[in-house]
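Q: These protein sequences, in sequence, are chains A and B. Note that our numbering numbers the first sequence so that position 12 is 12, with each residue one more than the last. Start counting at 1 in the second sequence, then tack on 1000, and there's your number in our numbering.
Treat the hints with care, as some may be off.
What the hints assert, rightly or not - Chain A residues, not near chain B, derived (Cβ > 10 Å throughout):
id	residue
1	Asn57
2	Ala90
3	Glu148
4	Glu169
Unchecked claim - Listed next, the stretches of chain A that the computed footprint assigns to chain B, with coverage defined by at least 3 CB atoms under 8 Å from CB atoms of chain B:
id	stretch
5	23–37
6	47–55
7	69–79
Quick caveat, the hints were computed from the structure, so don't treat them as lab data. The structure presented is a predicted model; accordingly, all values stated were derived computationally and were not measured. Glycine residues also receive a C-beta, built at the ideal position from the N, C-alpha and C atoms.
Residue-level listing of the chains:
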Amino acid sequence: MVTRTTTYDYEQSSESDRERMVPIPWARLCDATPTLGDPAEVISAVPGTEITGTVINPGVVTVDAYAILNVARGAVYRHNVRTTDVLHIAGNLHEHSWRDINIGDTVYYSAETDTLTAGVAKLALTPVQSDGATLNAVFGHVVMMQDETSANFPKLAGAAGNTHVCAVEQE
Amino acid sequence: MVTRTTTYDYEQSSESGRERMLPVPWTRLTDTTPTLGDPAQVTSAVAGSEITGTVVNPGVVTIDPVAVLNVASGAIFRHNVRNVLTYAGGPAEASWQVLNVGDVVYYDVTCEVINAGIKLSVSPLNAATANAIFGNIVMMQDEDAADFPKGGAGSGSTHVCAILQA
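The task is simple: from the sequences and hints, build the whole structure.
A: Below is the structure:
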């Protein structure tokens, strides 16, 4: 299990001048207590259409309750990604199935995964929430980290789920 | 009610080198008489899949009827946004919602017709067909959280918003 220690690590800087920094009030973030380097999602009235990005500056509430997100498409950051494919709500919220993570796989911002992993992983492979209908927003796609090769893939689903550090190219 | 006067105002320029300027013939624009700074949409055979962007240069018809659009994902411009959510026959506005940071906005031809040129709204459907996503609302440089939400769910209104292009 990957620990909660942030994976904050910018993965790609060969092409500059392409970042998109946007200030967002904490009250409009799905996780209202942002952490440096974590994935973030801005609340929207339409599930699946949310702004997503990486927390560049979480802000300081006593000064100004805003976080700065880099929402640039194509920016690559290391994030914890959960192998969850399907979530169920029957009984208690729980993971139902998992699958391997491979280069190119789409990853989604999953607030339910954030809850289930106590904040370890906000990203997962599951496109819909546990009700089977509400869409998760696409966060990006898995690519290789700078110190990885194709031999590092696939990253295994695990019999009861796994969390892997992955380089994620932002959508 | 916000007037038709353009809101043209680039909201974010601290990071350069990231714009995407595209020339598009007027005949392929949903609004064939483009206005500087307005939202624009390029006609597509599949509703909801259209290219959208902001008119950076509307062009001059006697020389070359081509407009230049900035279609960069993540570019932020000020635009007028209508808070209409659904339509009834007529068409007429049937329901509305408040506008908040993060809300998705669409290029909405029905809104433009009803509201004298206001091209963006929070309505995902244009009658029965899908509207293209234009972007999401963020704060303007001179705004803070106290400026939100904008409008009310009980009636229609138009507000200037910073839009992060999809």
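Q: Give a verdict on every hint.
A: Against the structure, the hints come out as follows:
1. Asn57: holds, 14 Å
2. Ala90: holds, 30 Å
3. Glu148: holds, 26 Å
4. Glu169: holds, 13 Å
5. 23–37: Contact hint for the stretch 23–37 of chain A vs chain B: holds, 5 residues under 8 Å.
6. 47–55: Since 3 is at least three, the answer is holds.
7. 69–79: Contact hint for the stretch 69–79 of chain A vs chain B: holds, 3 residues under 8 Å.
Checked against the numbered hints listed earlier, the structure breaks none of them; every hint is satisfied.
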